[in-house]
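Enquirer: Here's the letter readout for the chains.
Protein chains: 2
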Amino acid sequence: MANSRFIIIGGVAAGMSAASKIRSLDTDAEITVFEKSNYVSYIACGMPYFISGVIDSPRRLIAYDVSFFKEKRNINIFLRHEVLKIIPDRNTVVVKNLNSGEETKHTYDKLLISTGARPFIPPIKGISLEGIFTLRNLEDGITIKNFIDTRTPRNGLILGAGNIGMEMAEAFVSRGIRTTIVEKMPGILGTMDEDINEIIETELKTHSVSLIKSKGITEFSGINGVMNKAILENNDSIEADVALIGAGIRPNSELAKETGVDTGQSGAIKVNNRMETNIPDIFAAGDCAEAFHLVYRRNVYMPLGTTANKQGRVAGENMAGGNATFAGIVGTSVFKVFSQEVGRTGLTEKDALREGIGYVTNTIEHYSRAHYFPGTSKIRVKLIAERETGKLLGAELVGIEGIAQRTDIFATAIIAGLNVKQIAGLDLGYTPPLAPVYDPVLIAAGEIEKKL
Amino acid sequence: MANSRFIIIGGVAAGMSAASKIRSLDTDAEITVFEKSNYVSYIACGMPYFISGVIDSPRRLIAYDVSFFKEKRNINIFLRHEVLKIIPDRNTVVVKNLNSGEETKHTYDKLLISTGARPFIPPIKGISLEGIFTLRNLEDGITIKNFIDTRTPRNGLILGAGNIGMEMAEAFVSRGIRTTIVEKMPGILGTMDEDINEIIETELKTHSVSLIKSKGITEFSGINGVMNKAILENNDSIEADVALIGAGIRPNSELAKETGVDTGQSGAIKVNNRMETNIPDIFAAGDCAEAFHLVYRRNVYMPLGTTANKQGRVAGENMAGGNATFAGIVGTSVFKVFSQEVGRTGLTEKDALREGIGYVTNTIEHYSRAHYFPGTSKIRVKLIAERETGKLLGAELVGIEGIAQRTDIFATAIIAGLNVKQIAGLDLGYTPPLAPVYDPVLIAAGEIEKKL
Chain E
1 MANSRFIIIG GVAAGMSAAS KIRSLDTDAE ITVFEKSNYV SYIACGMPYF ISGVIDSPRR
61 LIAYDVSFFK EKRNINIFLR HEVLKIIPDR NTVVVKNLNS GEETKHTYDK LLISTGARPF
121 IPPIKGISLE GIFTLRNLED GITIKNFIDT RTPRNGLILG AGNIGMEMAE AFVSRGIRTT
181 IVEKMPGILG TMDEDINEII ETELKTHSVS LIKSKGITEF SGINGVMNKA ILENNDSIEA
241 DVALIGAGIR PNSELAKETG VDTGQSGAIK VNNRMETNIP DIFAAGDCAE AFHLVYRRNV
301 YMPLGTTANK QGRVAGENMA GGNATFAGIV GTSVFKVFSQ EVGRTGLTEK DALREGIGYV
361 TNTIEHYSRA HYFPGTSKIR VKLIAERETG KLLGAELVGI EGIAQRTDIF ATAIIAGLNV
421 KQIAGLDLGY TPPLAPVYDP VLIAAGEIEK KL
Chain D
1 MANSRFIIIG GVAAGMSAAS KIRSLDTDAE ITVFEKSNYV SYIACGMPYF ISGVIDSPRR
61 LIAYDVSFFK EKRNINIFLR HEVLKIIPDR NTVVVKNLNS GEETKHTYDK LLISTGARPF
121 IPPIKGISLE GIFTLRNLED GITIKNFIDT RTPRNGLILG AGNIGMEMAE AFVSRGIRTT
181 IVEKMPGILG TMDEDINEII ETELKTHSVS LIKSKGITEF SGINGVMNKA ILENNDSIEA
241 DVALIGAGIR PNSELAKETG VDTGQSGAIK VNNRMETNIP DIFAAGDCAE AFHLVYRRNV
301 YMPLGTTANK QGRVAGENMA GGNATFAGIV GTSVFKVFSQ EVGRTGLTEK DALREGIGYV
361 TNTIEHYSRA HYFPGTSKIR VKLIAERETG KLLGAELVGI EGIAQRTDIF ATAIIAGLNV
421 KQIAGLDLGY TPPLAPVYDP VLIAAGEIEK KL
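Chains E and D supply the protein sequences, listed in that same order.
Note that our numbering numbers the first sequence so that position 152 is 152, with each residue one more than the last.
Note that our numbering numbers the second sequence so that position 291 is 291, with each residue one more than the last.
No wet-lab data here; the hints were simulated from the structure.
A portion of the hints provided could be inaccurate.
[As the list claims (entries may be wrong)] Below, a list of computed lysine to aspartate or glutamate pairs in the EDC-like style, where the Cα atoms sit at most 20 Å apart:
id, chain 1, residue 1, chain 2, residue 2
1, E, K451, D, E355
2, D, K450, E, D351
3, D, K421, E, E317
4, D, K450, E, E401
5, E, K421, D, E401
6, D, K36, D, D140
7, D, K451, E, E317
8, E, K36, E, E201
9, D, K378, E, E258
10, E, K378, D, E317
11, E, K450, D, E276
12, E, K270, E, E254
13, D, K184, D, D140
14, E, K450, D, D26
15, E, K213, E, E201
In this text, all values refer to a predicted model and were calculated from it rather than measured experimentally.
Using the sequences and the accompanying hints, generate a full structural model.
Expert: Here it is in structure tokens:
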């Protein structure tokens, strides 16, 4: 019997996870990865820290390089190769070498679409001027870093007050760039509630980041093709010699759609919990695909690095004949902006409202360590619980320490289906330097329980 | 109808939690607390940090003082009052004023025994010499601190390599005292497995703490009633001008026993999940009582501050006519020694062996933050899972950051009855400065799953 042939389109988190998983299960398989960019297996989430200088080399953001995959795992990687077409009834892909322009055909037994996502570029006049960037792949990070190193911009503009906008505001400030964030919506961080966001806004102010809300940018203008300012809806103008567009991302699902692969409302590829699409032998995983949400009980589009890695593994196992299932997500997400750590999991209050779920909500503040211990600080925790059952629906946290793993405690509780009374009774650890006798997790759950 | 009368014996964590809970539910109740020592509501776990100087005043270790309880909560507190006898068929206690020697009788509708625990003093010759201390109540902490301040001892000895021994070794070292820990058993930290303990032993060495294992102390000797050395079983002698006995604690349950209250094998008071004893109208809570263990499915004696607080609240609510239940424990415990944070929850491998449970176990090391992020460090995680069901039985963690709340994630998983496959699939947060894309929690669960 001939060796199985696996083709993977896109070699970042999901794609390379799948490739490695297939190899671990099938030593003889032919595994081929086509990657449009110059890099595989890079760590997109680390790029703001490379730009800020916290991480000194882009090499540190490559988990494994091409030679590792080729030599240690016998995985064929073709960089700067774009898959133009999938012909599912012939199990064939048409691939273009972006250097030579040559097109070739390759057949597969199983195919993975892990084409990722791209930044959304709002249709603003002048958005192609030099000095305006998006941040998605490793080249983007290197380009922005080089631009700042060589041009030493003084005024930075960030379009969009989401996670990436926050992380990049911090990166700009740490590079000595006076920074303004412009957000079209009335609030920052659309994925969080106001109770949390007000602390982030204060943090931005503390670090001299200007925040302009409820205003769109109508135009970028410049001289000799180089941006020097942005014009707002109210005709105010903001001087800027570097700008980052952080207006969200869109799934790279066009190739899938052209092939007849079903996509959802968001445009992302529909998958079942085995990461199969509607077309036989074609799988999808990562930022181009949906994921099953355990609270909504339906597929959603919430692309994140953790999900991409896990989905890639599941896809790889099933492509190699295994029987893995993706466990689903609850939208857990954490980030850091200056001194504040921020976390969310499950549904926000906005989400619960939109979903029409009867809920109660409560926000508390309590110490990260014993209240008398040096270094302690107050954490703010907002919980949302289902009114009828008391089950935890969501949690949002902000504070200067101990946020990420406390968010994870709530994520675990949501996934396990615990109600807030059960959470209030959890036997959690206590020692003055690390946690107070009643952890903020317990206090938050105990207080919301009283509202049920 | 006359106001209800509540008497509480012992005014620390459990007792004062109960008193406050009763007051919140019954504004007219007569609530009386008899406390043998000079303080109520002190925070025992903070004392090593007061002795080391990290916390500057003993006042910081008093959660609320007597006047707060009297004035704000209308709770009568009698310091230096010992309850000598309980007469259950007359709902009466006999109380002695330790200052005046006067004895009085008081009647109750509901009585709480929250008499706490005391250090076990091994029957070693010379153990009453000056310079040898135990650490339990606030007076102990103040006494040791004063001794170190005024006598500036140079050589410290710690008997017992448990949590308190570790914390006090750190306190001694930070006060400039050359420190030796003597442990009778072959291993340190009887409540942890060797995989974790070897890291702690290295940490002790790094901080020049000597550790002598498998040897008992046969005698303390001294001059003019002041200790100057300890003699070991093998006749070695250790110079020491200050010593701390950290040989475990025993429940203060004698008064309960004399009253006919049932106690368990450990000597601690038997309670149901309402914190009721076998005698009508008599409740017990805190370090003198047992607690229901959710993995063993039976009562155990694992006295901890968190449990005492929670049991006190439950007792108080039920004494006031409510219907609260104590959720139970899984033995979650965290502490810090020098730079190492240590956590455990559920069963250790030793526990599972002793219990005769079929188990698998696995130990991993993985990063606390993204592997390339400054400040990252490796965490060691040992898991124990039930062989038949894959359910998580226990977790032990050690590392220089991120241990306490990761221990709590595992505690939550154990309490929720998750198996290791479910834990490996948890949707946990990821951002380079706070957590790696595959958290150590997920790696640990994924690796042990392979052994099932």
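Enquirer: Please go over all the hints and tell whether each is borne out by the structure.
Expert: Results of checking the hints against the structure:
1. E:K451 - D:E355: Judged against 20 Å, a Cα distance of about 41 Å means the pair is violated.
2. D:K450 - E:D351: violated, 37 Å
3. D:K421 - E:E317: holds, 15 Å
4. D:K450 - E:E401: The given pair, whose Cα atoms are some 34 Å apart, is violated under the 20 Å limit.
5. E:K421 - D:E401: violated, 29 Å
6. D:K36 - D:D140: holds, 14 Å
7. D:K451 - E:E317: holds, 18 Å
8. E:K36 - E:E201: Violated: K36 (chain E) and E201 (chain E) sit about 38 Å apart, past 20 Å.
9. D:K378 - E:E258: violated, 46 Å
10. E:K378 - D:E317: violated, 28 Å
11. E:K450 - D:E276: Judged against 20 Å, a Cα distance of about 24 Å means the pair is violated.
12. E:K270 - E:E254: Since the Cα atoms of K270 (chain E) and E254 (chain E) sit roughly 13 Å apart, the hinted pair holds (cutoff 20 Å).
13. D:K184 - D:D140: The given pair, whose Cα atoms are some 24 Å apart, is violated under the 20 Å limit.
14. E:K450 - D:D26: holds, 17 Å
15. E:K213 - E:E201: Measuring from Cα to Cα gives roughly 11 Å; hence the hint holds.
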